[in-house]
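**Q** Can you make the complete structure from the sequences, with help from the hints?
2 protein chains.
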Amino acid sequence: MKLSLVAFSALLPSALALWPLPTGLSNGSTPLRLSSGFDIKINIANAPADLVAAVETAKGYLANDKLQALVVDRGASSASAIAKAKSLPSLTLSLLSTPKGPVSSISEEAIAPLESRVEGYTLTVPSDGSGAVLKANSTLGLYRGLTTFGQLWFDWDGTTYTLSAPFQISDAPAYPYRGFMLDTARNYFPVSDILRTIDAMSWVKINTLHWHVVDSQSFPLEIPGYTALSEKGAYSASSVYTASDVKNIVTYAAARGIDVVPEIDTPGHTAVIANAYPEFVACPGSTPWASYANEPPAGQLRVASKAASNFTAGMLKAAATLFPSQTFSTGGDEINANCYATDNETQASLAASNQTFAQALNTFTMANHAALRTEGKTAIVWEEMVLDDPVTLANDTIVMVWISSDDVAAVAAAGFRIVHSASNYFYLDCGHGGWVGDFPAGNSWCDPFKTWQYAYTFDPVANLTAAEATLILGGQSLLWTEQSGPENLDSTVWPRAASTAELFWSGPGGNVDTALPRLHEVVYRFRQRGVAANALQPEWCALRPGVCDLLA
Amino acid sequence: MKLSLVAFSALLPSALALWPLPTGLSNGSTPLRLSSGFDIKINIANAPADLVAAVETAKGYLANDKLQALVVDRGASSASAIAKAKSLPSLTLSLLSTPKGPVSSISEEAIAPLESRVEGYTLTVPSDGSGAVLKANSTLGLYRGLTTFGQLWFDWDGTTYTLSAPFQISDAPAYPYRGFMLDTARNYFPVSDILRTIDAMSWVKINTLHWHVVDSQSFPLEIPGYTALSEKGAYSASSVYTASDVKNIVTYAAARGIDVVPEIDTPGHTAVIANAYPEFVACPGSTPWASYANEPPAGQLRVASKAASNFTAGMLKAAATLFPSQTFSTGGDEINANCYATDNETQASLAASNQTFAQALNTFTMANHAALRTEGKTAIVWEEMVLDDPVTLANDTIVMVWISSDDVAAVAAAGFRIVHSASNYFYLDCGHGGWVGDFPAGNSWCDPFKTWQYAYTFDPVANLTAAEATLILGGQSLLWTEQSGPENLDSTVWPRAASTAELFWSGPGGNVDTALPRLHEVVYRFRQRGVAANALQPEWCALRPGVCDLLA
Chain E
0 MKLSLVAFSA
10 LLPSALALWP
20 LPTGLSNGST
30 PLRLSSGFDI
40 KINIANAPAD
50 LVAAVETAKG
60 YLANDKLQAL
70 VVDRGASSAS
80 AIAKAKSLPS
90 LTLSLLSTPK
100 GPVSSISEEA
110 IAPLESRVEG
120 YTLTVPSDGS
130 GAVLKANSTL
140 GLYRGLTTFG
150 QLWFDWDGTT
160 YTLSAPFQIS
170 DAPAYPYRGF
180 MLDTARNYFP
190 VSDILRTIDA
200 MSWVKINTLH
210 WHVVDSQSFP
220 LEIPGYTALS
230 EKGAYSASSV
240 YTASDVKNIV
250 TYAAARGIDV
260 VPEIDTPGHT
270 AVIANAYPEF
280 VACPGSTPWA
290 SYANEPPAGQ
300 LRVASKAASN
310 FTAGMLKAAA
320 TLFPSQTFST
330 GGDEINANCY
340 ATDNETQASL
350 AASNQTFAQA
360 LNTFTMANHA
370 ALRTEGKTAI
380 VWEEMVLDDP
390 VTLANDTIVM
400 VWISSDDVAA
410 VAAAGFRIVH
420 SASNYFYLDC
430 GHGGWVGDFP
440 AGNSWCDPFK
450 TWQYAYTFDP
460 VANLTAAEAT
470 LILGGQSLLW
480 TEQSGPENLD
490 STVWPRAAST
500 AELFWSGPGG
510 NVDTALPRLH
520 EVVYRFRQRG
530 VAANALQPEW
540 CALRPGVCDL
550 LA
Chain G
0 MKLSLVAFSA
10 LLPSALALWP
20 LPTGLSNGST
30 PLRLSSGFDI
40 KINIANAPAD
50 LVAAVETAKG
60 YLANDKLQAL
70 VVDRGASSAS
80 AIAKAKSLPS
90 LTLSLLSTPK
100 GPVSSISEEA
110 IAPLESRVEG
120 YTLTVPSDGS
130 GAVLKANSTL
140 GLYRGLTTFG
150 QLWFDWDGTT
160 YTLSAPFQIS
170 DAPAYPYRGF
180 MLDTARNYFP
190 VSDILRTIDA
200 MSWVKINTLH
210 WHVVDSQSFP
220 LEIPGYTALS
230 EKGAYSASSV
240 YTASDVKNIV
250 TYAAARGIDV
260 VPEIDTPGHT
270 AVIANAYPEF
280 VACPGSTPWA
290 SYANEPPAGQ
300 LRVASKAASN
310 FTAGMLKAAA
320 TLFPSQTFST
330 GGDEINANCY
340 ATDNETQASL
350 AASNQTFAQA
360 LNTFTMANHA
370 ALRTEGKTAI
380 VWEEMVLDDP
390 VTLANDTIVM
400 VWISSDDVAA
410 VAAAGFRIVH
420 SASNYFYLDC
430 GHGGWVGDFP
440 AGNSWCDPFK
450 TWQYAYTFDP
460 VANLTAAEAT
470 LILGGQSLLW
480 TEQSGPENLD
490 STVWPRAAST
500 AELFWSGPGG
510 NVDTALPRLH
520 EVVYRFRQRG
530 VAANALQPEW
540 CALRPGVCDL
550 LA
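Quick mapping for you: the protein sequence lines, in order, are chains E and G. Everything in the first sequence is counted per numbering that gives the first Met the number 0, starting at 0 for the first residue and increasing by one. Everything in the second sequence is counted per numbering that gives the first Met the number 0, starting at 0 for the first residue and increasing by one.
Among these hints, one or two may not hold up.
The list treats identical chains as interchangeable, and a pair is accepted whether it falls inside one copy or across any two copies.
[As the list claims (entries may be wrong)] Cut-off 30 Å, straight-line C-alpha distance, at most; resulting in silico cross-link-like pairs (DSBU-like, lysine-lysine):
1) Lys-85 / Lys-246
2) Lys-231 / Lys-83
3) Lys-134 / Lys-83
4) Lys-99 / Lys-316
5) Lys-99 / Lys-40
6) Lys-58 / Lys-231
7) Lys-305 / Lys-99
8) Lys-231 / Lys-305
9) Lys-231 / Lys-65
10) Lys-246 / Lys-83
11) Lys-305 / Lys-134
Everything labelled a hint here was simulated from the structure, so no lab data went into it.
**A** Next up, the structure:
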């Protein structure tokens, strides 16, 4: 069959630019535009300041997005329909019930225990010229609804419009944890990059920034009482997140419904601690590094040393005070046995205390978790702490499965709550070749590149019983930064992290074919807001939903 | 063996930050700094304006690069040596012989016939406080030498210094063509992105921008007399390179020693021409697209139509007037036989003229090349015009081999000059998954990602006789932009395109292990100059040459 290009030029129906797709959505096909006097009202006595600020931000996006519809004529053929459309005068926010005490802020609700967060909302946008209504049981839910409201609109010649009114949306996330992990240790990211990333995360309802803040290569975190770590371990004096920077970041995130979960990996990935505290680190800089660590430089905390253990617990406890989150990751991945086997001090400590390494690791880890618990923190660990180097984790520990999604079932069988972080689906850094030197044909260890489509097809409950499935908290995209920095942050993360955000908000089973036009709209809207999201296809395809499909 | 981190903190010798590596280089280990009154003098009567401007630009880089050495202490331990170093008062440029007429400008020499360009130079930088001397047989050679001079220096606390004086450099390229190809049709790039890319290219002595300016998806080039093509074929009115934009780009490039070689692909990759001239295009938008083209939308110029042939020759001739280059690519890749087999008009034309398709293609192509020759242009084609859809190319035609480096020998056996452009080594877009829709497990057709290391190990004369080897003009990196745009331009292209630039300037056989520290310096210097080059490794590795090698 032949189809002339002229047919392609006709106006195709605009996809609904909603991402993640609301779990309950009905809409019509009536044009509607924002009134020139459009306002957002908060019908809540003594509304929290962060909700007031969020409304101002939402109004700013409505005024400045200026996103034309992704159709061939960008909206021109709808001009008269838009001009004749009724005007939406307002959006009114209200809570479904009035709390007895003060209304909780978005920031407070963003860091509440995961399973207790209320992110659902209902949003009604009539097409008859009456006002829109957003309701929720929480300010956090209202914030999510505001985000959705901001995605309904396109611009034509200065008019902010939709062709798809009325809307009736009843939405809530499938999973409580929807995250993005950023490694700021392999390469440093200025605070401004992190704040911009937080904004972008909020636009697709990601609610957790898993901040892998330090690692063997650098220690950019200023911890009260332990400032030598960053003074001697950051790449430079200007490559440090000061306590003030951290407060800025966590405050900014919380106001956008995002919990910042810090990770200080232990006992591996800690070579840099030797710069300040050489006595606590085994095999620092040992070579060949590949015999002592998965990547250079080698170096692990001396788990069998009482002094090192006390130092670590104290340092973690001090770090925990910087972060309001109720969770804190102590890592626990990639522990190298040879490093300890060849460390005379570790062997002497084990002999003196008549402990095995496994016993010492258990004591060390439990002391760290106990210290964090005194600060009100629940521990998060990588999967090895269950499967490879098992310790006696508290039942409430959250486990991140990264090596392979195949390992999820074993962690679930052990009864722990799980955050999907599998390298074979969610690692954004894969597929760019080997980064170690003197390795001309080196491949990425986690080849191939993880496309948005592939992550989108992930099944969060594969191979799990119904009971085990309840242990799944959600999942996240992850960016390890051996081959990344501020230069490629936006284009590497976006829109792929949005794909995973929809998977865990809207639930699995989405169709990549119908998702693609909406994801293009994410890309183009992100760019309008200053985030350099990467092209998924030629613009020709972005303007013609379905026409560049494999079998189209 | 164990090595403590303390040892890593010691100052390692700075790599020489030269890229591409000069073909003749000797240097010492004497500190030297730029005098506070340092000046660059042009000892040439009536020096061309572009050389004067290039000197000002070079002085700007010297003043503003502020690149600290890539060593652990960033230069601190050299502070006293730097403070005590002798000062370089000046760099003096001169020509080795005085021409009878006016001195040729860089811009004139940049577009001279490839084999006649003179890019060599000698550069002497004494360590005794006497002035540096740059000599060449051409202003283009002086420009290359200026670029090298600008790479000798680091910054410590406001002092611009080297630890490696004196320098004696005698340099000239191994190959005359060192290119970068940019596709501006799949996604559009603003002029500012192209100008920034030209600057970056000049820093590593790339001398050709192969501009794949239009393709089936969009026609962003305004051609005098054929403006309907861009009016109806560009993504938007603002996504057009006007004649004025093109003049700006080619002028900017030439002044930086770069020839802009345009490509208007024919007869395939031309669906968009149907927007303005539907009568000249076979199978426009035919579906399923995969039966009619390698990517959507389908559409090819009607090679058997006299009117289409006249149109094409006229359009190419008009386009040629925009570009001062002496070469022009008419493409010729991926001709789809089914498109023509099912096009009634093409079949009728062939029958009426009693021609085969091959004969018609030959007539069409020869007419185009003849039209270009009246404008003084030598034709460039893709390899299919020799191997798959052979036409009677003039002996001086330049052939780009893209499908596989395995095809080079066959093209060389046919006696044509060759530009290496093989997808299996030089395509910068590979490895990011399939981009067509409804294809969740789709791979990149040219997987895997092409690392800088892999391109660096390419042998330009593999499987060629000595005589055939003389046909190799050089090679280039290429960025097709189905999955790229301004957002990832810098980080996708740099530093990988620099790797290929060194391969074809310094010649093959380079060692990736010793190249890596220098390539880090390219990355960091590019960033200082506003080009967002991508991280190759953690900064920890960048500051410790060799320590992150595979077997280190």
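**Q** Are the hints correct? Go through all of them and say.
**A** Okay, the hints, checked on the actual structure:
With identical chains, the CA atoms of Lys-85 and Lys-246 are never at most 30 Å apart, being 45 Å at best within one copy and 48 Å at best between copies. For the identical chains of this complex, Lys-231 and Lys-83 are inter-copy neighbours only, at 28 Å across copies versus 65 Å inside a copy, given an alpha-carbon limit of 30 Å. Taking CA atoms no more than 30 Å apart as the test, Lys-134 paired with Lys-83 passes inside one copy only; the shortest distance there is 29 Å, against 72 Å between copies. With identical chains, the CA atoms of Lys-99 and Lys-316 are never at most 30 Å apart, being 34 Å at best within one copy and 79 Å at best between copies.
Within a single copy, Lys-99 and Lys-40 get their C-alpha atoms as close as 22 Å, which meets the 30 Å cut-off; across copies the closest is 80 Å, which misses it. Taking CA atoms no more than 30 Å apart as the test, Lys-58 paired with Lys-231 passes in neither setting, with 44 Å inside one copy and 36 Å between copies. Within a single copy, Lys-305 and Lys-99 get their C-alpha atoms no closer than 49 Å, and across copies no closer than 84 Å, so neither meets the 30 Å cut-off. Taking the shortest alpha-carbon separations for Lys-231 and Lys-305, only the intra-copy value of 23 Å comes in at or below 30 Å, while the best inter-copy value is 75 Å.
Proximity of Lys-231 and Lys-65 under a CA criterion of 30 Å is satisfied inter-copy only: 23 Å between copies versus 47 Å inside one chain copy. Taking the shortest Cα distances, Lys-246 and Lys-83 never come within 30 Å of each other, neither inside one copy (48 Å) nor across copies (44 Å). For the homomeric pair Lys-305 and Lys-134, neither the shortest alpha-carbon distance inside one copy (54 Å) nor that between copies (67 Å) is at most 30 Å.
In this structure, the hints that do not hold are numbers 1, 4, 6, 7, 10 and 11, in rising order.
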